[in-house]
Structure formats: structure tokens, C-alpha cells
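A.B. asks: The residues making up each chain are set out below.
There are 2 protein chains.
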Amino acid sequence: MPRVRDGFTPIADALAADLVALEGELADLVSGDQRKVASSARYLLASGGKRVRPVVCLLAARCFSAAEVPNEVLRLSVVGEAVHNATLLHDDVIDLGETRRARPAARLVYGNAASVLGGDLLLIEALRVVDAAGTPVLMSSILDVLRRMIDAESMQLENRGRADISFDDYFRVVDGKTASLFEWAVEAGGRTCGADEEQVEGLRAFGRDVGYAFQLLDDLLDLTRDPQAIGKSVLQDVGMGTLTWPVLQAIQHRPGLAARVEAAARGEHDDALTHDLLEAVDDSGAVALARQQIDDRTDAALAALEVVPPSDAREALASVARALAERAR
Amino acid sequence: MPRVRDGFTPIADALAADLVALEGELADLVSGDQRKVASSARYLLASGGKRVRPVVCLLAARCFSAAEVPNEVLRLSVVGEAVHNATLLHDDVIDLGETRRARPAARLVYGNAASVLGGDLLLIEALRVVDAAGTPVLMSSILDVLRRMIDAESMQLENRGRADISFDDYFRVVDGKTASLFEWAVEAGGRTCGADEEQVEGLRAFGRDVGYAFQLLDDLLDLTRDPQAIGKSVLQDVGMGTLTWPVLQAIQHRPGLAARVEAAARGEHDDALTHDLLEAVDDSGAVALARQQIDDRTDAALAALEVVPPSDAREALASVARALAERAR
Numbered sequence: 101m102p103r104v105r106d107g108f109t110p111i112a113d114a115l116a117a118d119l120v121a122l123e124g125e126l127a128d129l130v131s132g133d134q135r136k137v138a139s140s141a142r143y144l145l146a147s148g149g150k151r152v153r154p155v156v157c158l159l160a161a162r163c164f165s166a167a168e169v170p171n172e173v174l175r176l177s178v179v180g181e182a183v184h185n186a187t188l189l190h191d192d193v194i195d196l197g198e199t200r201r202a203r204p205a206a207r208l209v210y211g212n213a214a215s216v217l218g219g220d221l222l223l224i225e226a227l228r229v230v231d232a233a234g235t236p237v238l239m240s241s242i243l244d245v246l247r248r249m250i251d252a253e254s255m256q257l258e259n260r261g262r263a264d265i266s267f268d269d270y271f272r273v274v275d276g277k278t279a280s281l282f283e284w285a286v287e288a289g290g291r292t293c294g295a296d297e298e299q300v301e302g303l304r305a306f307g308r309d310v311g312y313a314f315q316l317l318d319d320l321l322d323l324t325r326d327p328q329a330i331g332k333s334v335l336q337d338v339g340m341g342t343l344t345w346p347v348l349q350a351i352q353h354r355p356g357l358a359a360r361v362e363a364a365a366r367g368e369h370d371d372a373l374t375h376d377l378l379e380a381v382d383d384s385g386a387v388a389l390a391r392q393q394i395d396d397r398t399d400a401a402l403a404a405l406e407v408v409p410p411s412d413a414r415e416a417l418a419s420v421a422r423a424l425a426e427r428a429r
Numbered sequence: 101m102p103r104v105r106d107g108f109t110p111i112a113d114a115l116a117a118d119l120v121a122l123e124g125e126l127a128d129l130v131s132g133d134q135r136k137v138a139s140s141a142r143y144l145l146a147s148g149g150k151r152v153r154p155v156v157c158l159l160a161a162r163c164f165s166a167a168e169v170p171n172e173v174l175r176l177s178v179v180g181e182a183v184h185n186a187t188l189l190h191d192d193v194i195d196l197g198e199t200r201r202a203r204p205a206a207r208l209v210y211g212n213a214a215s216v217l218g219g220d221l222l223l224i225e226a227l228r229v230v231d232a233a234g235t236p237v238l239m240s241s242i243l244d245v246l247r248r249m250i251d252a253e254s255m256q257l258e259n260r261g262r263a264d265i266s267f268d269d270y271f272r273v274v275d276g277k278t279a280s281l282f283e284w285a286v287e288a289g290g291r292t293c294g295a296d297e298e299q300v301e302g303l304r305a306f307g308r309d310v311g312y313a314f315q316l317l318d319d320l321l322d323l324t325r326d327p328q329a330i331g332k333s334v335l336q337d338v339g340m341g342t343l344t345w346p347v348l349q350a351i352q353h354r355p356g357l358a359a360r361v362e363a364a365a366r367g368e369h370d371d372a373l374t375h376d377l378l379e380a381v382d383d384s385g386a387v388a389l390a391r392q393q394i395d396d397r398t399d400a401a402l403a404a405l406e407v408v409p410p411s412d413a414r415e416a417l418a419s420v421a422r423a424l425a426e427r428a429r
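First to last, the sequence lines map onto chains A and B. Mapping to our numbering: the first sequence position 92 is 192, numbers consecutive. Mapping to our numbering: the second sequence position 124 is 224, numbers consecutive.
Quick caveat, the hints were computed from the structure, so don't treat them as lab data. Remember, predicted model here, so these are calculated numbers, not experimental data. Backbone N, C-alpha and C fix where the C-beta goes; we use that ideal spot for every residue, glycine too. Don't take every hint at face value.
Said to hold, decoys possible - The following label-pair restraints were derived from C-beta to C-beta distances:
id: 1; chain 1: B; residue 1: Asp264; chain 2: A; residue 2: Gln134; range: 17 to 25 Å
id: 2; chain 1: B; residue 1: Pro355; chain 2: A; residue 2: Glu198; range: 42 to 50 Å
id: 3; chain 1: A; residue 1: Ala127; chain 2: B; residue 2: Ser240; range: 34 to 42 Å
id: 4; chain 1: B; residue 1: Asp318; chain 2: A; residue 2: Arg354; range: 36 to 44 Å
id: 5; chain 1: B; residue 1: Arg135; chain 2: A; residue 2: Glu198; range: 44 to 52 Å
id: 6; chain 1: A; residue 1: Gly132; chain 2: B; residue 2: Asp296; range: 34 to 42 Å
id: 7; chain 1: B; residue 1: Gly234; chain 2: A; residue 2: Gly339; range: 57 to 65 Å
id: 8; chain 1: B; residue 1: Asp128; chain 2: A; residue 2: Ala232; range: 52 to 60 Å
id: 9; chain 1: B; residue 1: Glu301; chain 2: A; residue 2: Glu198; range: 20 to 28 Å
id: 10; chain 1: A; residue 1: Ser333; chain 2: B; residue 2: Ser240; range: 42 to 50 Å
id: 11; chain 1: B; residue 1: Gly234; chain 2: A; residue 2: Asn171; range: 23 to 31 Å
Said to hold, decoys possible - Computed, partial: chain B to chain A, Cβ under 10 Å:
id: 12; residue: Val193
id: 13; residue: Thr199
id: 14; residue: Ala213
id: 15; residue: Ala214
id: 16; residue: Ile224
id: 17; residue: Arg247
id: 18; residue: Leu321
id: 19; residue: Pro327
id: 20; residue: Ala364
id: 21; residue: Ala365
id: 22; residue: Arg366
id: 23; residue: Asp370
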């Protein structure tokens, strides 16, 4: 659960109440079925997660409906979280992941089959929620999001074993895997509560940029592990086609590093690799560049929000974006 | 490709033309992407299959629009095939299948990850086709179908290793895994070409019963293998929770057989098992009972079709149903 400071603003109290209701809606999505498939979905949903997609959806809604969030929006706010968790269930099967949110991956508890089908279940239930909301344009846009997500996964799969990924490819993956769903979540909240097309576009741009910043921050925080763990994690990332932004920066900075990283990922021994990688991170200024990227994305997100009328809810949305930039410092 | 006899009726010629166009639409669904994910989907789609779901969709459309099938329906007719193939891609990963349509399973050619994502891709592309058709009730009903399919898969997963499955459970799995998609395919064809609600209900009942007959026939044909292959296949089926109707009939007929089949599926040696199973199939009259079931389902399907106005297309739909009953003899 996201931490909401008590008495911070009335909007924080309202959001806190929304989030309690959200947990109920999420639980309802796969309740009353004790079989492995539903259990795997429930297990992952109950293991936490920051619920940041529902939060931005609910805040976008409150930008246009300050007093009360209609039930319909509360239900729509679970969609982003359900789709996100569906992709995690499939990802852990695809990547043979063992740990998720500090617990054993669902596939280790309930099996690969239950994880694949549990992902399918969450996805279909999410789409049924969108369908029931009766706003056809939201169905079209969530299907576009899902198409972009698969495209990103497809690109990652091609990138397995490679360390010479272009920044263009990196950002296309981030666009599909992270930004697209943030975009949809704020669109759903705003659109359902009366945002006009220009405001919807502003919200979508906000969501997209926040999504980028969110992923870049995640990549940056990866570098705060202990050096040995970083070395291991880079090789795993190469194996899965999911290199982080600062590491890509470092690899592009130092000729020869890409080939060494790829060889190490194939199992060749290279004692100096972690040291050389971290040195290249330093030399390339990757950390400062990542922080700059996050700042730029945050600024763009805040600018996009200007088409939305000022309100406590808009301020809270802006705080979500600013918090990412602050954590990156 | 289904065999259509030349000059059988004008409807056969029309259907033959529709099917050529269908192959183009199916290919378009995942064209122009040479990456593993799309390739796995393309590989499976190109490996044949009877295209029976598109056929009944197109014929249902021609019951109400004899002269010409609108492009929209042609596109909708691929949905049943795409969803069916999506489930096969996931099933082969879940069940570790090695052969599909007499070729190596897609997962062996492109990997498990590409198969899971290829299934996701086909599913989402199918839903995008439904969305683009602009008939919201078809979106709601395909999502219901997908929910029933996952429910059936979920039940199968629970039944793994069990040989004492009830007929009720068996039919619930058939309902979700096969009948539901046939139901939707004929609904989509009829509804888009002007069928009224009563006619849609008739078509859905027809599709459901044809789906049941189709699965029962498949189960029956399983018994025509050589006896050793049958023994092996029954143990595999128990492992996967997918026992066939005649074998279930035989197991329920002879006390003690369920426990022996389960033990053998766990690896215990039982030389007499295949012999005793086949004897129980004979003694229980399972083959005759399955034929009777198929006949009954065919009769029910034909009766449901009565609400549709007589036409060559209706006759052709009836022929599809009758052909199942004839193959069972």
C-alpha cells in the first residue's frame, strides 16, 4: 500500500479511503475460487505492490469529480493493477523468475500452468471490468496498450543474450511495458469523470512520462545494490533482454564491454567484468544522465498536467511525479 | 482446410471463396513481424487445422446474408480460429506438448516464452478485431467465452492425476473449452448479418451442441488407435486432467480401475491395465453410448436451427452437424 500521510490534505484522506475500497475490488476480482489458477492470481495480488497505477487513475478521476469517485471508476482503477499483475505472472514463467515482492514466485507455489492461466484470468477479468464500464473508447485503448505490451515483450525476447541494445530499443520496451499502462490508467480516471479530449490527451501524456520516469528510477535503484549483486544482475538482465538504462549507457561508453558482457552471460569467466562495468558507469556519468532523464520526464509530466484545472487532486498527481524525481536524488 | 465438394451447391462454392479470403485475413493478423513471438503464432496458424469455427461463423452469416458476406464478418470469422490457436499455444506450454498437427509444437521451434507471448498476441489481436467490428454485445460475449475457457482449464488443472472425474465435470470442461467458442462463432456470424435475438439464441444453442458433438467425436476417434497407444494416451490424459468420455465411462463401469489408472499414471507398473481398460470399454458399451451422445447432440443442434429461415446456408450448417454424427459411425 502506498504510504499516505495522515491529514496531509483532504485529498490524501479521500485517496486513503479510495485505496481501502480498491483492495476490496481487487480481492473481488478473483474471490471465491480455491483452485490453483485463481489462487496464483490472488497470491500475487495479495503480496503487495505499490498500487501506483490505481492511485494515478483515482487521482485523475478526482481532478474532475473532487467530492466523490463513482463506483465505476473505483472498479476501473483495478484494471491497471490487474493487467500489471497478469504480466508479472506470465513474466515469471517466461523468465523462470524465482522471487517476486520478496516472496517465492507464484509459479513456484502453484506451478507454471497455474501461473500462465492465472495471468490469463486476471487479464480477462480486467477486460470484463472495462467492458462493463460501457465506455467503448476505453476498451479500444486498453487493447492498444496490451498490443504495445506484447510488442515490448517480443522485442525483449529478441534482445536476449545481447548487450548492444540501442537506446531507441530500450525506450520502445519501456513505452510498451510501463508507460502504456500508466497512460491508460489516467485516461480511464479522467475520461470517466468528464475530462474533455484535450484534457484526456494531457492526462495520457502525463501518464506516459510518469511511466518513463518510474522505469528509469527502477533502473537507477538497481545500481544501489552491492557491487557483486550488480554484476550478477547485469548478466541475468542480458540473458533476459532487460538491460537497465545506466548499464546500457556504460556499455555504450566503453568499446569492447558489450562483447565481454555477452560472453560472460554465455558463461565465460571474466573476473574483472564487474569492476570494469562499475568503472564505466562512473566514467560515462550514467547516474547523472539517468537523473537528468528522470527530471526531464517529470518536468514534461508536470507540463502536460497544465490542461487539467487546478485542484487538490491535480496537486496530488503532480506530487506523485515529483516523488519519483526526488527518490532519484 | 475443410473439404468442400466442387459444385455441391452454390453455397459450397461461396464458402470455398470465403475460406480463401479467410486464410488471407488469418495471415494478416500476424503478418510483417519476423520476431519469434509473431513467428510462433504464424507457424501454428499455417500448420492447418480444420477451420471449423470460421466455417460455422461464415455459414451462420450467410443464413441472413446469402448473396455476400460483409468484410466485417469475414474478419470476425477469424476470431474463433485465432482464440482457438491461442489456447493451443498456451496449452502446449502448460502440458509440455511436443507435437501439434503432425509438426513439432511451436514451443519446441520458438521456445516456451515465444509460445506464451504468441498466444497472448493472437488473443489480443482477436479481441481487437471484435472491438473494431463495433458491436459491443459481441465483445461482452467473447469475454464471457474466454472466462469459461479459463474456468475449464482451471478445472482440468485440478483434475490432474485423477481418474475419477464425474461426467458433470467432464461436460463442464467441454462446455468451456470447446462449446463456448463454437457458440460465439455462430452468434457473431448471425448477429452481424441481422439475426434477431431469438435466432441468435437458436444459433448459439446450435453452436454449443455442435461443440459438444465435436469434442465427443474427437474422444471417440482416440479409441481407434492401436491398443498400446491407447494405454499410453490414457495415462498422459490422466496426467493432464483430460480424460476422454469413453474412458471415463469404462472407468466408472469397473470398480477399482480408477485407482489402478491413477497409480499407473504415477509410474506404477501395471501390465494388464491396457487390456482391462479396453475390456471395460467393451463391457460398458462406451462406444455405443458415445455415439448415442453424439447423435443426441446433433439432433438438438438441428432442432435449434429451426428458428433460422430455410436456406442453402442453413442446410450447409446442418450438414456440418450431420457430418460429425456420420463420422462417429
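A.B. asks: Indicate, hint by hint, whether the structure satisfies it.
C.D. replies: We went through each hint and held it up to the structure:
Range check, Asp264 (chain B) to Gln134 (chain A): about 19 Å between beta-carbon atoms, so the 17 to 25 Å window is met. Distance hint check: the CB atoms of Pro355 (chain B) and Glu198 (chain A) are about 44 Å apart, consistent with the given range 42 to 50 Å. The hinted range of 34 to 42 Å is not satisfied by Ala127 (chain A) and Ser240 (chain B), whose Cβ atoms lie roughly 23 Å apart. Checked against the hint of 36 to 44 Å, the pair Asp318 (chain B) and Arg354 (chain A) fails, with Cβ atoms roughly 59 Å apart.
Here the CB-CB span from Arg135 (chain B) to Glu198 (chain A) is close to 27 Å, at odds with the stated 44 to 52 Å. Between Gly132 (chain A) and Asp296 (chain B) the CB atoms are about 36 Å apart, so this pair conforms to the stated range of 34 to 42 Å. Restraint check, Gly234 (chain B) to Gly339 (chain A): a C-beta distance of roughly 44 Å breaks the suggested window 57 to 65 Å. Under the hint 52 to 60 Å, the C-beta atoms of Asp128 (chain B) and Ala232 (chain A), about 30 Å apart, miss the expected range.
In this structure the hint that Glu301 (chain B) and Glu198 (chain A) lie 20 to 28 Å apart at CB is violated, the actual value being about 49 Å. Between Ser333 (chain A) and Ser240 (chain B), the C-beta spacing of about 44 Å keeps the proposed range 42 to 50 Å intact. Between Gly234 (chain B) and Asn171 (chain A) the Cβ separation comes to about 27 Å, which falls inside the hinted range of 23 to 31 Å. For Val193 (chain B), the shortest C-beta to C-beta distance to chain A is roughly 6 Å, which falls under 10 Å, so the interface hint holds.
Violation of the interface hint for Thr199 (chain B) is found here, the shortest Cβ-Cβ separation to chain A being roughly 19 Å, above the 10 Å cut-off. Interface hint at Ala213 (chain B): satisfied, since its Cβ lies 4 Å from the closest Cβ of chain A, which is below the 10 Å cut-off. The restraint placing Ala214 (chain B) at the interface with chain A holds, with a minimum CB-CB distance near 6 Å, inside the 10 Å limit. Restraint check, Ile224 (chain B) versus chain A: the minimum CB separation of about 5 Å is within 10 Å; hint holds.
With its C-beta approaching chain A no nearer than about 6 Å, Arg247 (chain B) sits inside the 10 Å limit, and its interface hint holds. Hint status for Leu321 (chain B): violated, given a least beta-carbon distance of 26 Å to chain A, over 10 Å. The beta carbon of Pro327 (chain B) is not positioned within 10 Å of any beta carbon in chain A (closest approach about 30 Å), and the interface hint is therefore violated. Taken as an interface hint, Ala364 (chain B) does not check out: its beta carbon lies about 22 Å from the nearest beta carbon of chain A, beyond 10 Å.
At about 16 Å, the closest approach between the beta carbon of Ala365 (chain B) and any beta carbon in chain A exceeds 10 Å, and the interface hint on this residue is violated. At a threshold of 10 Å, the smallest CB-CB gap from Arg366 (chain B) to chain A is about 17 Å, leaving the interface hint violated. Below 10 Å, beta-carbon pairs count as interface contacts, and Asp370 (chain B) has none with chain A, the closest being about 26 Å; its hint is therefore violated.
In summary, the structure is inconsistent with hints 3, 4, 5, 7, 8, 9, 13, 18, 19, 20, 21, 22, 23 from the numbered list given earlier, while agreeing with the others.
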